[in-house]
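What follows is the residue order along each chain.
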Amino acid sequence: AQSVTQLGSHVSVSEGALVLLRCNYSSSVPPYLFWYVQYPNQGLQLLLKYTTGATLVKGINGFEAEFKKSETSFHLTKPSAHMSDAAEYFCAVSRAGSQGNLIFGKGTKLSVKP
Amino acid sequence: GAVVSQHPSWVICKSGTSVKIECRSLDFQATTMFWYRQFPKQSLMLMATSNEGSKATYEQGVEKDKFLINHASLTLSTLTVTSAHPEDSSFYICSARDSSGGGQFFGPGTRLTVL
Chain D
1 AQSVTQLGSH
11 VSVSEGALVL
21 LRCNYSSSVP
31 PYLFWYVQYP
41 NQGLQLLLKY
51 TTGATLVKGI
61 NGFEAEFKKS
71 ETSFHLTKPS
81 AHMSDAAEYF
91 CAVSRAGSQG
101 NLIFGKGTKL
111 SVKP
Chain B
1 GAVVSQHPSW
11 VICKSGTSVK
21 IECRSLDFQA
31 TTMFWYRQFP
41 KQSLMLMATS
51 NEGSKATYEQ
61 GVEKDKFLIN
71 HASLTLSTLT
81 VTSAHPEDSS
91 FYICSARDSS
101 GGGQFFGPGT
111 RLTVL
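Protein chains in written order, with the numbering used here: chain D, 1 to 114; chain B, 1 to 115.
The shape of chain D in the complex, shown without the other chains (with noise of 0.2 Å):
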């Protein structure tokens, strides 16, 4: 089975920092990992993936995320916070080269401070 834990159901930083949210997986299978934003009342958008080959991903918004299969973590970090960037994301694992669906982590909502 799989599982995903985000540490932290909220985070807060001011603009400019840096922000790091957790996310750490379970899998008894090479995973496929996702971190998905979400603003009020809208659906999910992709910020990025790692299916396999480079373990950092870069993905939209200056967004980016490292696999560490040593430590089952899949953490997302921008190295500076704009005031745009509050919403709530949404870590996500599948099994890998399946077609199976995404299994969530309860997500962690992300405020900025000016």
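Any given hint could be a false lead.
Cut-off 25 Å, straight-line C-alpha distance, at most; resulting in silico cross-link-like pairs (BS3-like, lysine-lysine) [unchecked claim]: (1) B:LYS66 to D:LYS113; (2) D:LYS49 to B:LYS41; (3) D:LYS109 to D:LYS58; (4) B:LYS41 to D:LYS109; (5) D:LYS58 to D:LYS68; (6) D:LYS113 to D:LYS69; (7) D:LYS49 to D:LYS69; (8) D:LYS106 to B:LYS41; (9) D:LYS113 to D:LYS68; (10) D:LYS49 to D:LYS68; (11) B:LYS66 to B:LYS20; (12) B:LYS14 to B:LYS55.
I should point out that these hints are in silico values taken from the structure, not numbers from a laboratory.
Assemble the complex: chain D is given as a structure, and chain B must be docked to it using the hints.
Leaving out everything else, chain B in the frame of chain D:
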């Protein structure tokens, strides 16, 4: 990029009525679509997997007779909430998997409020 639409974006209905939500892949074909439910301040919970031309696969605890899913074409899946009750009020989000292997894309969601 690939676009998935949902209609309606929000709906208010009386208890006991049925509500149909449409999920369309606009510029790609999707043999598989997923229906999720999201309660306020919570994560997405998979309700069912919809496969074109066959019966949907429901997750444990989801009543298939209450949440009817029809995937009649490669670009359209519908979710009908039958005899809706206030506890069915939620945000329903669909996603569609590009049959050509281009990934999975989410719709904007439908907010259902049952009075």
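For a C-alpha distance cap of 25 Å, please report whether B:LYS66 and B:LYS20 respect it. Distance ~12 Å between B:LYS66 and B:LYS20 Cα, so the pair holds.
Straight-line alpha-carbon gap D:LYS109 to D:LYS58, limit 25 Å: The hint holds at about 21 Å.
Take a quick look at whether D:LYS113 and D:LYS69 sit within 25 Å of each other, Cα to Cα. Outside the cut-off at roughly 33 Å; violated.
Is the straight-line distance between the alpha-carbon of D:LYS49 and that of B:LYS41 25 Å or less? Holds. D:LYS49 to B:LYS41 sits at ~23 Å (cutoff 25 Å).
Straight-line Cα separation of B:LYS41 and D:LYS109 no greater than 25 Å? holds (9 Å)
Sort out whether B:LYS41 lies within 25 Å of D:LYS106, counting only the CA atoms. OK: D:LYS106 and B:LYS41 at ~9 Å, within 25 Å.
Measure nothing beyond the straight line between the CA atoms of D:LYS113 and D:LYS68; if it is 25 Å or shorter, mark the hint as holding. Violated: D:LYS113 and D:LYS68 sit about 30 Å apart, past 25 Å.
Distance restraint between D:LYS49 and D:LYS69, which requires alpha-carbon spacing of 25 Å or less: holds (15 Å)
Between B:LYS66 and D:LYS113, does the CA-CA distance stay at or below 25 Å? violated (43 Å)
Would the hint linking D:LYS49 and D:LYS68 be met if the CA-CA limit is 25 Å? Roughly 13 Å separates the two Cα atoms, so the pair holds.
Can the restraint linking D:LYS58 and D:LYS68 be considered satisfied, given a maximum Cα separation of 25 Å? Holds - the C-alpha atoms of D:LYS68 and D:LYS58 are around 15 Å apart, at most 25 Å.
Is the Cα-Cα distance between B:LYS14 and B:LYS55 25 Å or less? violated (28 Å)
Violated hints for the displayed structure, listed by number in ascending order: 1, 6, 9, 12.
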